[in-house]
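Asks: Line by line, the protein sequences give chains F and L. The first sequence runs 0 to 322 under numbering that gives the first Met the number 0. The second sequence runs 0 to 174 under numbering that gives the first Met the number 0.
By construction, these hints were calculated from the structure, which means they are not laboratory data. It should be emphasised that the depicted structure is a prediction, and the values quoted were computed from it without experimental measurement. Built from N, CA and C at the ideal position, the CB exists for glycine as well. It is possible that some hints are incorrect.
Stated by the list, open to error - Only some residues are given here: those of chain L computed to face chain F with a beta carbon under 8 Å:
#1 TYR63
#2 ASP66
#3 GLY77
#4 LEU108
#5 ASP166
#6 ILE168
#7 GLN169
#8 VAL170
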Amino acid sequence: MSLPTASLGKDLVGLEDLSAEQILAILDTAEPFKEISERRIKKVPVLRGKTIVNLFFEASTRTRISFEFAEKRLSADSVNISAAVSSVSKGETLVDTARNLEAMRIDMVVMRHGASGAAQFLADRIPSNVVNAGDGRHEHPTQGLLDLLTIRDHVGKIDGLKVCIIGDILHSRVARSNIYGLLTLGAEVAVCGPPTLLPLCADEFGVEVFTRVEEAIEWAEVLNVLRLQLERMEGGYVPSLREYNRIWGVTNERLAAAKRDLLILHPGPMNRGVEIDSDVADGEHSVILDQVTNGVAVRMAVLYLLAGGQPESAEAAKQGHGA
Amino acid sequence: MGQADVRSEIARLAREIVERSEGAGLVLMGVHRRGTDIAGMLQDEIRALADISIPTGSIDITLYRDDLGAIGPRPVIGETVLPSGGIDDQEVVLVDDVIYTGRTIRAALNELSDWGRPRRIRLCVLVDRGGRELPVQPDMIGKKVDVLEGQYIEVLVEDLDGRLAVDLIQVGSHS
């Protein structure tokens, strides 16, 4: 009896290179994993004996804890390393850090790093599986996947759906992973934000571009509201938080003008009263906490599928190609 | 075994389950996937026989397998469905279509113990084909079959395969 195998390969670096079959395989695998988190004993032995290192060079609470829960519920042994307290602060390079971890016989690395491309760089150089937990402005694939799963849960489909991502698109790896994943699954995608925070050639992604939030709300069926990183204000991208809220904020008044109810997503952490108003964030169409719940299931699915192992690619990386 | 034979084996197993039960708290747990179908048929038989409806659930052991590293992950993981009353302090009858090495049942027993603490677990299988690799033996057996090298047992159920039968298949033959 052969069941379909939609292999992910050795690593999950981004959604850009995944096929629709691969993305759907992850989402479908996440479904039964949701149920494990509802059990009294929230643990299955599937990754027993696997050692996973959570290597976080940037601050993260939600993503790190979500990965940690996913690892523990699959019975993996995990270790957290944050850059501030590691030898990275003593000047060690990324590859040396990883090689030292390898020397302790680990199986997987979950990494967040401030440099775009860091995940691919690492994946090419170590035989362990690498899961990108966010690299610079590049991608944050598990966030993209949990957004896809949440949308599919609530709307029932993704194909043909109109999804608008609002906010700081320019600096956002969440936006990028969402755009790739949504387009691959056949959604129509738009981005909306201040022109200073939109990529110059946003339309080259194959997405609509709105500069007025009212137009975006008029067009969309789903809104994914991104966090406005407060340091953007210092960088001169937006004049003030109050003005950002007045012009770009997702408010009940603006949503009331839409001809249908919009599903509201936000990757967190929220700035209430800046990019999203409290009554929207806590409103009946907000699925923000469902995203958090789904995050654990999606990460369990990714770890489970990668754990199958791809001896060939692992072997290639072990030879240190490119190092 | 054709449909009529399989039906009569299931009827006999249903009687045996009822006779050996200690009264209250009987629960059937089918092993995903064909064990679940057999458990459903047993439930129907017991309803016809004794006019009682036995709570029936389903257990998927994919995540409890001991050979993930060898076979790779399976994206299709079935859902485990417990009967509404749970399995704590119940008399659970674990139902599977075929018992071979015993590894599936080992996995199912581990999973059941993660779900709760049944008062007793019995094992009921439609076919015992021998070849055990673990000390796991069924309490109730439909049919014992000697399977030679190069042969395997195929259990077909109506929901998945369109007909009910147990076939002994020669590897490489296209019947």
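Asks: Would you mind marking each hint as holding or not holding in the structure?
Replies: Here is what the structure says about each hint:
1. Satisfaction of the interface hint for TYR63(L) is found here, the shortest Cβ-Cβ separation to chain F being roughly 6 Å, below the 8 Å cut-off.
2. The interface hint given for ASP66(L) is violated, since its Cβ lies 11 Å from the closest Cβ of chain F, which is over the 8 Å cut-off.
3. Taking 8 Å as the C-beta contact cut-off toward chain F, the hint placing GLY77(L) at the interface holds, the least distance being around 7 Å.
4. Given the 8 Å rule on beta carbons, the hint for LEU108(L) is violated: about 13 Å separates it from the nearest Cβ of chain F.
5. Proximity of ASP166(L) to chain F is violated relative to the hint, the smallest CB-CB distance being about 14 Å (cut-off 8 Å).
6. The restraint placing ILE168(L) at the interface with chain F is violated, with a minimum CB-CB distance near 12 Å, outside the 8 Å limit.
7. At its closest, the beta carbon of GLN169(L) sits 17 Å from a beta carbon of chain F; the interface hint therefore is violated under the 8 Å criterion.
8. Because the closest C-beta pair between VAL170(L) and chain F is about 14 Å apart, greater than 8 Å, the hint is violated.
The earlier numbered hints that this structure contradicts are 2, 4, 5, 6, 7 and 8.
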